[in-house]
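Just so you know, the protein sequences line up as chains A and B, in that order. Heads up: the first sequence begins at 1 in the working numbering, then just goes up one per residue. Heads up: the second sequence begins at 1001 in the working numbering, then just goes up one per residue.
Rather than coming from a laboratory, the hints here were simulated on the basis of the structure. Think of the CB as a built atom: it goes at the ideal place given N, C-alpha and C, for glycine as much as any other residue. The reader is advised that the hints may include incorrect statements.
Listed below are several chain A residues computed to face chain B (Cβ distance under 8 Å; list not exhaustive) [said to hold, decoys possible]:
hint : residue
1    : Q33
2    : H45
3    : I49
4    : A81
5    : T84
6    : F101
7    : G102
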Amino acid sequence: SQQGEEDPQALSIQEGENATMNCSYKTSINNLQWYRQNSGRGLVHLILIRSNEREKHSGRLRVTLDTSKKSSSLLITASRAADTASYFCATPETSGSRLTFGEGTQLTVNP
Amino acid sequence: DAGVTQSPTHLIKTRGQHVTLRCSPISGHKSVSWYQQVLGQGPQFIFQYYEKEERGRGNFPDRFSARQFPNYSSELNVNALLLGDSALYLCASSQGTAWSAAFFGQGTRLTVV
């Protein structure tokens, strides 16, 4: 079953603008992770936020987590053309054996 | 330090054939997981191995199997290939469970014709 669902499915913005992607999940989590994937290549881990954290920053990335709403958001500030990629949220199962990914948000940053 | 390496990068097989995909984790990582990613979708979990033992299996048929070697490298085997097995196969390594960040290889693009 699909644990995470990203919204929107696709987002197109201009360089310098901010990009916000949302993720919803269904069950209790230990943490939530965001990954980036460039055009059919491997995924790159961006940031991990634990269930007892509400907000986390890493460079131009800001992640929030609302466990009461079972949702998370990823904000990329001052976007660049190089940020063009698919972004996925992922949650680990309680057993820790697997990550369950959403369908992803395709972000296009136009120069 | 080398990241996660996968081989081959691309592969074309015929229906009914068998395929073996290989993965070397980051040095010091004992957990290897395999994911299948069909075009336009998120990765789907296939297997996790930790310390050479299977710790998790996704909803895939028995045609899919895997193993982990003493050096923590891993193989994913798929028998009796179907057209629907065409996908990007991703290997991820981590220090332990999926609760920690996973580091992915570049994947193997499998095309079944």
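Verification of the supplied hints:
no., hint, result
1, Q33, "holds (7 Å)"
2, H45, "holds (4 Å)"
3, I49, "violated (11 Å)"
4, A81, "violated (21 Å)"
5, T84, "violated (16 Å)"
6, F101, "holds (4 Å)"
7, G102, "holds (5 Å)"
The structure shown violates the earlier hints numbered 3, 4 and 5.
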